[in-house]
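What follows is the residue order along each chain.
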Amino acid sequence: MNNLKLAWRNLWRNRRRTLITSASIFFAVFFALVMRSIQLGSYDHMYKNAIESYTGYIQVQHKDFWDEKIVDNTFAYDQQLEKQLLADENVEATIPRFESFALASNGPQTKGVLVMGVDPAKEVHLSNVTDKLVKYRLTPKVIEKIQQDPNLPEKVKELAVLFENSAYTNSSRLQLDLGIDDKKASELMPAIETHAVYKNGSIHLGEPGVWVGDKLSQYLQLGIGDTIVLISQGYHATTAAGKYEIKGIVKIPLPDIDNKIVYLPLDVCQGLFNAEGKLTSLALAMKENQDKAIAQTVQRISAVVSENQKVMEWQEMNEVMVSQMEADDKGGQIMLGILYLVIAFGVFGTVLMLTAERKREFGVLVAIGMQKKKLASIMTMEMLLISLIGIIAGALVASILILYGVEHPIIFKGETAKIFEDYGMEPKMVFWNIDTYYISQMVIVAFMVLLSIIYPMRKIFGMKVVNALRA
Amino acid sequence: MIWKTAWKNIWRNKVRSLVVIISITIGILGGIFAVAVMNGAIEQKVDAALNEEISHIHINDPAFRDNYDIQLTIPNAKQVLSSIENTPGVCAVSARTVITGMANTATKSAGAQIVGIDPEMEKEVLKLHLTTIPGTGDFFETESRYQLAYIGEALAKELNIIRYRIDESVLDSLAAREVPTEVLKKLTPFTGHRFKSEKSFKKEVKGVLSLKEQHEYGAVIKEEAWSFRARSKMTLTFLDKDQMQTGAVFRIAGIYNISNGIFEMSQILVKNEDLMKLTGLAANEYHQMIIRLDNLETTEEISATLKENLNEMEVMNWKEIQPQLAMMTDMITKFYAIFMVIILAALAFGIVNTMLMVVLERTKELGMLTAIGMNKKRVFKMIMLESVFLSLVGGVMGIVISEALISATARKGINFSSYAEGFEAMGYPAHIYPVISTSFFITVTVLIIITGILSSIYPALKALKLDPAEALRTE
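Respectively, the protein sequence lines represent chains X and S.
Residue numbers 7 to 477, in our numbering, belong to the letters of the first sequence in order.
Residue numbers 129 to 603, in our numbering, belong to the letters of the second sequence in order.
BS3-like cross-link-like pairs, simulated, lysine-lysine; straight-line CA separation at most 30 angstroms:
no., chain 1, residue 1, chain 2, residue 2
1, X, K69, S, K285
2, X, K69, S, K330
3, S, K136, X, K465
4, X, K147, X, K205
5, S, K405, X, K117
6, S, K492, X, K470
7, S, K462, X, K336
8, X, K284, S, K331
9, X, K161, S, K447
10, X, K69, S, K313
11, X, K284, S, K285
12, X, K424, S, K447
13, X, K69, S, K331
14, S, K462, X, K424
15, X, K316, S, K314
16, S, K330, X, K75
17, S, K350, X, K336
18, X, K75, S, K285
19, S, K334, X, K336
20, X, K379, S, K142
21, S, K330, X, K284
22, X, K69, S, K327
23, X, K434, S, K462
24, X, K249, S, K369
25, X, K54, S, K327
26, X, K336, S, K540
27, X, K75, S, K350
28, X, K365, S, K492
29, S, K361, X, K75
30, S, K435, X, K221
31, X, K316, S, K334
In short, the hints are calculated from the structure, not lab data.
None of the values given here were measured: they were computed from a predicted structure.
Given only the sequences and the hints, what does the whole structure look like? Please build it.
Listed below in structure tokens is the structure:
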């Protein structure tokens, strides 16, 4: 206890130096934590987008479907299996799907598309396509109306031109893109909403009709009420072809999917591919979606499914994205590594100064009978205290920012939002809540400090008292 | 005089100065090298995009890019072609027909863009022919009585044209490449097996091998088991000039491998003459002309000239075709600067601490200097110079070492192949050659000097506040 008191008092003999050293650690810890939080938050956000609008956490598939996505690799949709899956404690719902590729065309425009047969009522549990229907769209005609509206400010008109052909699933994003703040929203938004409103219809089992991705609809120049032609290869190499009316446009937050997806009612889709009653996959909606719960569910379900089926996890189904994020993660860690290295040298510099200026003091203390061991432990405590001040302050300030950020993600508007969207990213920065990454950052800092203590330890234990007294 | 004193002062406490200098060196070295790696990846991506994928300037009908309508050909193609060729600064031009269609094999199908080219013209503009995977054929060089198509590796895998198999000959060649017999034994059960896809091959092989064996021999096994039957077939279907469905069997001329997976999946090259027969287009009907320039820097200038000469056509340079690419090149330099500023800010703490120490330790000396008539401005200047010198020595060392490191790694490059899938999905190469422009070194040097000046302000102010009479009395 006495040692600790001594160490604490020693710290404040040179207040400025202690504070500057602590400040450097504060800077590193704060920066590292906030950066990790944003990185992890954005990965999670991207994964969630992919999972919630496309794959789901777990799918049951024909065992060869993932490697070879052809219509022949399907399985029968039977009640028995569904009942067994639903009996699992973590399965909330089963969502039947029929997924395949086709060539879509509208007159001269043709494109390879992803055809997805869904049951709209069941899809609510997972991808909730209905929420992704485009409610507002800034078509050239709409922009013209906005230009002519005398009540709208110039800035809004300018931004509307910048966002030509953008589609929105809710009015808040539209409001942000047009740079309208909340105070003026009630005054301006109703007018803009009436100009830009886009009316979608729904699709139902048994009725031919499709929903088309926003980007795909723009590419094929199709709107509601138009007809899309799908040509593909059906079950057992039959020809699959059909004409469907477009009932609605959906905006999927994954650009790669948005520019190729066509949703069909499940039974209509099975009919198109001559595969009545067959499924390519059965996606499962989860009650608990932590990694551990998912892994356990996969284990339990693997025992239930038959031999020619297999259970796929989201990491496998989004392999490319996971590997992209891993590469990005490594890049971020290297950056932090460099930052920590720099801070480590700063700390070492402080240690060096401390030792040099107190050489004589150490000599005197040892000469009057202080054990070297005790001296060393005081020195260690001093350094640990300095770093602790930095770590705690850094973690505290970072936590305030992160906790606020988790509740209020940074959402960009106006021109900045456009830049993000051009990159195919959502104009949004999400924070990841306080988690185990805190520990690793702190361990790194503590390790760094311990390394730098080696130098004074050697000095103390190798000290010749007579020489030290003369210094 | 002040300059010399400041310089000499740094070396009065060598160990302390060296710690600061080394920390600056390491910070700058790490920062510059990391930036060089990122920059290398981006430059390679831009380079690949220009040389293998898009070239410098495209010319087509103004409405063609909206929907790739087969009817929208370039009128008076011959005249346009010669007018482009005669434009100064144009290195080469290639005329193409571009249609969308679908590629099918017995089991798989995929949508793709089918590009009709004249191989000789195309070679002058794009270097895609240099990326042919050895053993898969060539870029329309061998004469054949079949219709030929040149496709990407990703598409070939998707269509099961490239497969993986293990048989006697594979095992023999593995043995010849010094793969130990235990590993071969584990692979023997697969003899005669053809794997459906790369994924299932990887999974099965991983299933029998230990982690260490995978790491050591995985690449060799994959290389040997990779199989491609020369002149494999696939069917291309598309709509002809009159919107009727048509198609034909094509044999694989060769398979190309570039670092952009999306491009590999979507671009199929065939001979113009084959496509003309099938689509009913006339001999001189083209959709697109792609242009290579002598000098990339003249892009804006020449595209302006072409726009004037060919006012009925749409003329687009690469910056307009791929705005993300151009924007990224602009944005990334800002990001580099921010990164360096963060590192320098971290370094500044160390410098401030050291300089503060310097001032406090020399209280008596500084008091003496003021007492004998050195004015405050000069004291301030001296301390600031010490700080700047300290930073510059570290900075210059960092720059020199990083330059050496960059030129050492630039020759062989750095391999990130364990993340290859992620990199290539983003269109980045997995093998990176670090590179950085000289102007970046100048920016960094300026930033270092600014850091040195800023971090000396607080200690220097402390020095100014010293009362000479008081200071002289300190021990």
